[in-house]
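Peer 1: Listed below, chain by chain, are the residues.
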Amino acid sequence: MNKFTKPITFFLAIVAPLLIVTLVLRQPAPDNSLLDRVRAEHPERHKSAVDHSKFEVLQKDFTNPHEITAACLSCHTGRGEELMHSAHFNWEREAFIPGRGVTYLGKKNLINNFCTGVQSNEGSCMKCHAGYGWSDTTFDFKNPYNIDCLVCHDNTGTYKKASGGSGYPVMGHNGPDFKAITASVGFPKSENCGTCHFEGGGGNNVKHGDLELALLTAGRDVDVHMGVDGMNMECVDCHTADNHVMKGRYYGVSSTNTQRLHCEDCHTSVPHTESILNEHSIKVACQTCHIPVYAKVNATKMYWDWSTATRKKDGKGYETLDKDGNVVYTSIKGDFVWEKFVKPEYLWFNGTADHHLITDKVDTTLTFIRLNTMNGEYSDRNSKIVPVKVHRGKQPYDTHNLTLIQAKLWDSEPGKGALWVDLDWEKSLEEGMKYVNLPYSGHYDFIDTRMYLPVNHMVSPKTEVVTCRECHTRTNGRLAGLTDFYMPGRDRNRFVDIAGQLMLLLSFLGAASHAALRYHAARKRNTTANH
Amino acid sequence: MTKYKKAYVYKGFERFWHWNQALLIFILAFTGFEIHSSYTFLGFANAVKVHNLAAWGLIILIVFAIFWHFTTGEWKQYIPTTKNLKAQAEFYLFGIFRNAPHPTKKTVISKLNPLQRLVYLGLKILFIPVMVVSGLLYMFYRYPQGNNIEIINIGNLEVIAIVHTAGAFILLSFVLVHLYLITTGHTLTSNLKAMITGWEELEEEVAEEEKKPAFPGKGEKEQG
Ligand code: HEM
Chain A
1 MNKFTKPITF FLAIVAPLLI VTLVLRQPAP DNSLLDRVRA EHPERHKSAV
51 DHSKFEVLQK DFTNPHEITA ACLSCHTGRG EELMHSAHFN WEREAFIPGR
101 GVTYLGKKNL INNFCTGVQS NEGSCMKCHA GYGWSDTTFD FKNPYNIDCL
151 VCHDNTGTYK KASGGSGYPV MGHNGPDFKA ITASVGFPKS ENCGTCHFEG
201 GGGNNVKHGD LELALLTAGR DVDVHMGVDG MNMECVDCHT ADNHVMKGRY
251 YGVSSTNTQR LHCEDCHTSV PHTESILNEH SIKVACQTCH IPVYAKVNAT
301 KMYWDWSTAT RKKDGKGYET LDKDGNVVYT SIKGDFVWEK FVKPEYLWFN
351 GTADHHLITD KVDTTLTFIR LNTMNGEYSD RNSKIVPVKV HRGKQPYDTH
401 NLTLIQAKLW DSEPGKGALW VDLDWEKSLE EGMKYVNLPY SGHYDFIDTR
451 MYLPVNHMVS PKTEVVTCRE CHTRTNGRLA GLTDFYMPGR DRNRFVDIAG
501 QLMLLLSFLG AASHAALRYH AARKRNTTAN H
Chain B
1001 MTKYKKAYVY KGFERFWHWN QALLIFILAF TGFEIHSSYT FLGFANAVKV
1051 HNLAAWGLII LIVFAIFWHF TTGEWKQYIP TTKNLKAQAE FYLFGIFRNA
1101 PHPTKKTVIS KLNPLQRLVY LGLKILFIPV MVVSGLLYMF YRYPQGNNIE
1151 IINIGNLEVI AIVHTAGAFI LLSFVLVHLY LITTGHTLTS NLKAMITGWE
1201 ELEEEVAEEE KKPAFPGKGE KEQG
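Residue numbers (the numbering used here), protein chains in the order written: chain A, 1 to 531; chain B, 1001 to 1224.
Keep in mind the hints are simulated off the structure, nothing from the lab.
Wrong hints could be hidden among the right ones.
Subject to a maximum C-alpha distance of 30 angstroms in a straight line, what follows is the list of computed DSSO-like cross-link-like pairs (lysine-lysine) [what the hints assert, rightly or not]:
no. : chain 1 : residue 1 : chain 2 : residue 2
1   : A       : K524      : B       : K1076
2   : A       : K462      : B       : K1049
3   : B       : K1111     : B       : K1006
4   : B       : K1193     : A       : K6
5   : A       : K189      : A       : K107
6   : A       : K3        : B       : K1083
7   : A       : K6        : B       : K1124
8   : A       : K462      : A       : K247
9   : B       : K1083     : B       : K1111
10  : B       : K1076     : A       : K3
11  : A       : K313      : A       : K247
12  : B       : K1086     : A       : K6
13  : B       : K1086     : A       : K3
14  : A       : K107      : A       : K361
15  : B       : K1049     : A       : K3
For reference, chain A alone in the conformation it holds in the complex (with noise of 0.2 angstroms):
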């Protein structure tokens, strides 16, 4: 009886508090208010409030797009004054960089290590400018009838721009039913988005990687929100807009902490059971580990090399394809390397970026020249690591005047320098520059450089998370790259390991051979005592 009071008292005095402790310290189920508020709202589209068919001014057969835009902007009063302040229309923003002052950069005026740049090839660019007629430097950005409001508010998926056609749409018999569009315009759809984003770099998933046309038909294995399994969620459902300016930045071309869109917006700060995994969010993006690979269905670029362009086979450009149908070499463009299930790099970072312009000096001694830089470091408390897709590439870039340089690609007729016409390297640099207006010695050579992109889409399922010794792993860890910081795991002190070890081993041999004598002395003794 007594045997056993104690080892109860003892369960009651140590054990139970351990366990109600325990319990205790356990975080409280997450907030999922927020979330749940959102599923439920979400199988409810917005329905417009007006039946578009029935108004008079859209009764017309528009023979000039702008027509069709004063007809939306002659009720819909101002919305034109917010597009002509949107980065949609203006492609560029306002951005204070340190170093640099006020800047207006944007696609505008960037250059990148896609097609380099759209000056000089706005004819073809412009497919994708929510504008029509912007062909040259002579744009009014301040004409509100410029503006194009169907390619995003379309919602028959029948209106198209012209390839090559200066965002104006493809008009006359081979165009679309303008009043089918215009009698049932509404919010943008995933597609509308989609026609730019995912497309951009000159086709489906070249450029980002994690944004492109299997995401309309996916399931929740490619795009947890997006999943037509699933939540079936549109672009605009997160990319929300205040008066035409939408939530979300792209680093390739935006430079601020601003604007941006956050999972935390609709999933909290804290939205794990385990706090552990919460306090990662201090320092971890929740795209890091929700993200574990992008381009899931299609491959998309990840090198480009242009030194390479102009080849010809018996006097004409020439295509390769891999086995994939993707192309690996095209005369107008030059070498390829695709890649799918593309593990991401990651970065610190902490919201700003600043870019190489055109006018930068390039530095040859670096191994590569970095068009984007994301800011950000560990000991930046606004600092979060985040999965990026790196794109590299070898561009030109004048030898004399060590800058880069923007190439004509593009235009409608032979004879003028465009390279994808003429295949001419010389020609194309030189009326590039020339429309840029900037200075060119005619010398030039390739140069490598980097893109930073980075992955915020094709989130996948929880149970294909990034584990946790894919990143707490002694070598080729996920983020083996970013070495400014102590993660358990990955990092030891090498000294504290090797004298603790070795401590260890001396004591285990101390005490083995202190056994060893003893069993010795113990043995002779034995044996002196029995003669």
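With chain A's structure known, arrange chain B with the ligand on it following the hints.
Peer 2: Below, chain B with the ligand without anything else, positioned relative to chain A:
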């Protein structure tokens, strides 16, 4: 020949505390070095979970042990002394091989030899606190989390982690040697038995002393 008499050396709580501490430190070391990437056994996530749970267990146990040491006066067992220190060291280095007698008599009021006193005191006031404090800082180096409110914000984990790892090696070395020293009682297993049952055969004249109260007003009832 010396006569031996059974004495109740390790009280119930003391044994409970000792074995739980042993178990917890074993678990902590085992999972800790898995977190340290020395090997893979439970998997990183599980190792972390178990390590954190065991850490809380150890902390609670330590709180109770501190209470016990002070309320029973047992803390006095750990007051260091230089008396016999050299003799004790010499015993482990030489005497033990000649089957020489233990230089320090074990009694209920003084059950630790001077070397044990030193080492255990070091554990109690230095090594275990260092592990607990560095471990807690490891857990809460940024606290609370989220919403940008931070009461504790230690920029770099590295120092904490190095201290914690170094302490772990030291503790583990102690455990190794400690395990071996179990066998150095007056028989190979007498120390082990004592820590399990509480009873140990102590030298006769010492056992006499035990009848006197260890500390005035305390420790008498436990004998039954
Ligand atoms: C109450 C005491 C202790 C606390 C609060 C504690 C807490 C922690 C924490 C929070 C970590 C970081 C990993 C994680 O997030 O779980 C850790 C790592 C570790 N712990 Fe403990 N621990 C304690 C005791 C011990 C003991 C007694 C040992 C070994 C004898 C030990 C060995 C280790 C080792 C080797 C690591 C890995 C360190 C590294 O590689 O950075 N810990 N501990």
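Peer 1: Compare the structure with each hint and give your call.
Peer 2: Against the structure, the hints:
no. : hint                : verdict
1   : K524(A) - K1076(B)  : 40 angstroms, violated
2   : K462(A) - K1049(B)  : 19 angstroms, holds
3   : K1111(B) - K1006(B) : 14 angstroms, holds
4   : K1193(B) - K6(A)    : 19 angstroms, holds
5   : K189(A) - K107(A)   : 23 angstroms, holds
6   : K3(A) - K1083(B)    : 39 angstroms, violated
7   : K6(A) - K1124(B)    : 25 angstroms, holds
8   : K462(A) - K247(A)   : 25 angstroms, holds
9   : K1083(B) - K1111(B) : 14 angstroms, holds
10  : K1076(B) - K3(A)    : 29 angstroms, holds
11  : K313(A) - K247(A)   : 47 angstroms, violated
12  : K1086(B) - K6(A)    : 40 angstroms, violated
13  : K1086(B) - K3(A)    : 41 angstroms, violated
14  : K107(A) - K361(A)   : 20 angstroms, holds
15  : K1049(B) - K3(A)    : 34 angstroms, violated
Figure legend: structure checked against the earlier numbered hints; hints not met, in rising order: 1, 6, 11, 12, 13, 15.
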